[in-house]
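For chain A, the structure is supplied; the task is to place chain B on it using the hints.
Number of protein chains: 2
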Amino acid sequence: MRAETNKQATANEESLLRIFTVPEAPDSTLGRIEQEISQNLNGFLSEHLVAKEHKLSEIEKDFSDAQLPEEPQFVSDHTSFLLDKLVAQSVHTSSPSFIGHMTSALPYFMLPMSKIMIALNQNLVKIETSKAFTPLERQVLGMMHNLVYGGASSFYQEYMHSEQFSLGAFCSGGTIANVTALWVARNNLFKPSGNFKGVAQSGLYKALLHYGYKGAAVLVSERGHYSLAKSADLLGIGREDVIAIPTDANNRVDIDKLRSTAKQLRDNGIAILAMVGVAGTTETGNIDPLAEMAAVASEVGCHFHVDAAWGGSTLFSHKYASLLAGIELADSVTIDAHKQMYVPMGAGIVLFKDPSLAGHIEHHAEYVLRKGSKDLGSHTLEGSRPGMAMLVFASMNILGRKGYQLLIDRSIEQARYFAELINQQDDFELVSHPELCLLTYRYVPAPLKAILRSGNQVLISQVNEYLDDLTKYVQKRQREAGKSFVSRTRINPSIYQGQSITVFRVVLANPLTTQQILQDVLQEQRELAQTSQIALPMLMKMLAQWQAA
Amino acid sequence: MRAETNKQATANEESLLRIFTVPEAPDSTLGRIEQEISQNLNGFLSEHLVAKEHKLSEIEKDFSDAQLPEEPQFVSDHTSFLLDKLVAQSVHTSSPSFIGHMTSALPYFMLPMSKIMIALNQNLVKIETSKAFTPLERQVLGMMHNLVYGGASSFYQEYMHSEQFSLGAFCSGGTIANVTALWVARNNLFKPSGNFKGVAQSGLYKALLHYGYKGAAVLVSERGHYSLAKSADLLGIGREDVIAIPTDANNRVDIDKLRSTAKQLRDNGIAILAMVGVAGTTETGNIDPLAEMAAVASEVGCHFHVDAAWGGSTLFSHKYASLLAGIELADSVTIDAHKQMYVPMGAGIVLFKDPSLAGHIEHHAEYVLRKGSKDLGSHTLEGSRPGMAMLVFASMNILGRKGYQLLIDRSIEQARYFAELINQQDDFELVSHPELCLLTYRYVPAPLKAILRSGNQVLISQVNEYLDDLTKYVQKRQREAGKSFVSRTRINPSIYQGQSITVFRVVLANPLTTQQILQDVLQEQRELAQTSQIALPMLMKMLAQWQAA
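Line by line, the protein sequences are chains A and B. Quick note on numbering: the first sequence equals residues 2 to 550 in our numbering. Quick note on numbering: the second sequence equals residues 2 to 550 in our numbering.
Some clues are possibly wrong.
Since the list can't tell identical chains apart, any single copy or any two copies may satisfy a pair.
Stated by the list, open to error - List time: in silico BS3-like cross-link candidates among lysine-lysine, alpha-carbon distance up to 25 Å:
hint	residue 1	residue 2
1	375	86
2	56	375
3	477	198
4	53	484
Treat the hints as calculated values from the structure; they're not laboratory data.
Chain A with its partners taken away, still in its complex shape (with noise of 0.2 Å):
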């Protein structure tokens, strides 16, 4: 009896070494759907993918137990369990009539270079766990610091190996990459002085009482990122010492109030941690004048850093790269290459114009990061991650600047394109205008369009409230059809006087999107505005009375 447990007991652990060892073979079910990947991606995704939105507490029931399993499955089982009820109710992210976010298909090569990281599985924290990974993603920051500063060669020849260096980091967004920008700036500001043994080593408060300051604010444009308020927050500052600057028609900072504002709060004794230009906006990707903002930074003389998450891939485009003319001046700069730089989830970096400044976050440990080594761990936010910088490498060498400039330049002359679209209707309303691949607008059946424009503003605010309704269903009802999607925003165009309305807003960012595609695109917002309940005629009828009275 006791040996026939042993011999289970040697069995069990033998099928499980196995796990380790043998693979999937080609005629399993996660065999077959692996080569279907392979071969057509995006028959995969279109056979596979269910277009009808199922209700979310639907999805749920699939979800619920909070047990765990005591016992193993099949692969083969529980792959058919993630393809019928994850796989199938996920969003097709890469179909050209996604539109709403900035998540866009890869190129197809992603996938077999994906599954070479993946099974590589380096740690990059340290050079023990990933030996020639890190001098690959220390050039990777070079490339991108030179795409940004444009160095010269003797600049990275210096810097870019250098173990007391750091041309920047990767993280594994542009959250993580704002926080990490900011991180800088705020050690940077309260270093160490006299007998203060620094903000990273005595904490804000000291910081503070040692500088003689009541507070820190950065400053940034009312369309600056969340996640700045976020790291505001997680830094000590707190979210209320992110100034909100006002922004002009364009969605563009107001220099001057810029200006008047940092030295208001000096006044009041309020250092300046630092300003953050926007390159562009998420919800309406517009880009600030960065350079103005730069000379503002360097009067009060503070950080200045941009965050060109999304914006900064443009400037691998001779064409458009001037739009972000003066990023160059910047402290730091967060830029995402996981948005449209076309590599997989989770590739945010940040660059640092000087290559000292990461040493305001330097630490160490005895295992690991010890002084003197090139570990990139050291000047790093996160510690162990994972060697998405092969991604970004490659990318770059396939596509070549060359490459990234065709995708930049057909997505923002696709959203011109689709602006134009819009104005030609009659009832649609571009809200704000597409400097990059990003515009937002909204279905403005056509008799309201002319209360609109009545200079009513009791009317036009009115009109306004009953539109918020409309888009929000219109936008919600196209989602749960699963045919296209497109996001929704609001936002305060100085045409309705800082009123906040609820819009459309559409990113141009997969080359496979098609002009039939956007011009479908509105057709099916048309019909959908029509098969609303929110009582159009009624609310027609009242305006013309009161128009009348």
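Only chain B this time, still in chain A's reference frame:
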């Protein structure tokens, strides 16, 4: 001429679009590599990874150009480059003789699963870009919460899918998980009260003024992970306010000193932000007395966090889970699925006992994370995130709890075997006994052992310094030879009165590591030690004279 240029531009664009639609041919270079990996990962890695270490300065030469490539490159050419220069020089983390760090082999099904995940390219920040992945991630958090806290099924029914609550958060790794836990603890400690809007809104300076403290401290044993000091820096607490509490001979926090230090800090006007229990320590693999720590934290009334980034998976084993007794009393717990849950890099998890705790870091935005939505991003430090939860889910289902138990038990028992083996050698010294699957030891030439036990502190100290150099020498040569790999660290074991010594550090998480491999590792180290130029005979002679005198 003009027509020609346009024609060329169109051709370029078409070939570019193809990389988003046409898959890699099976007989292409990349296609072949992918198949090779699928069919025989270990074979692929053994064949392509060069065992003998190249000098880092040599490798850097292949990654030295910061210039962006202007022209596109054939996928096959670039793949060949990556194979020769990157893959060949990367670290064979899944080799059974790579026993120096926590990165281990992956079950084979992880590769195709990862490929599906990357092909879907979901963004977990919001439901609109992740749909079923959101309930899936919530379920995985529920399962992990259940593993740690074992709540009733009604508890999970109520909280798992509720938009107002959060059982935890997925993170890129243990560092972000620890930061998140301490962020939550800080914001809870300095919550809104009276006129004070809370630290999240108003920052740490005003928080301390309002609550009448001079600082805030995090208490953790001197074996705590370096990410805790990094967290304190980030959160504005300051690194020097991470108070290192001494440990006993088994590297466990001294409970009396923990209690008295907390009292003393309080008396000095310092708030206790959190106590952090370690399960297990990165350098020695030991586990703090968690239940006793919880009791002290409860007396003090502070947040109790357990950093079980590495040891947490022990909970899957009914045989060894009791080593972590008391973890269920923690307010928050960090577990890394990319460590002993055998998931690829990038899967950290933080869990909250009280599902309302994450409310202290809740945030919203207009275009995502709208109030009332179930978007996961409203309670995470990171923004855009990949669907790593799928891999944790698949692994828990395919291995089952019993499968994990087999892996955990085997690794602990392997470590015990290795400890015994070391003890049997005349010329090795076991420095820290394995509590989990991690141990430290060093090579000590037999004659020196007697001196180490002589009681002569001057001599012992001198021998230890010599051994530090020897250990470092052996560890480096072994790594360079590429046959096997152990890491090294510095610890201060009580038998040497707190003197820091350098030791080999071994983590036995790879189920494919055999007893033979462990025997070979010792033999290799013995032989390497004998090649040392560090003048052993002279030292021996000198010590003999000293003893005689």
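Comparing the hints with the structure gives:
{"no.": "1", "hint": "375 to 86", "verdict": "between (45 Å within a copy, 19 Å between copies)"}
{"no.": "2", "hint": "56 to 375", "verdict": "between (50 Å within a copy, 13 Å between copies)"}
{"no.": "3", "hint": "477 to 198", "verdict": "neither (54 Å within a copy, 35 Å between copies)"}
{"no.": "4", "hint": "53 to 484", "verdict": "within (8 Å within a copy, 54 Å between copies)"}
The structure fails to meet hint 3 from the earlier list, while all remaining hints are met.
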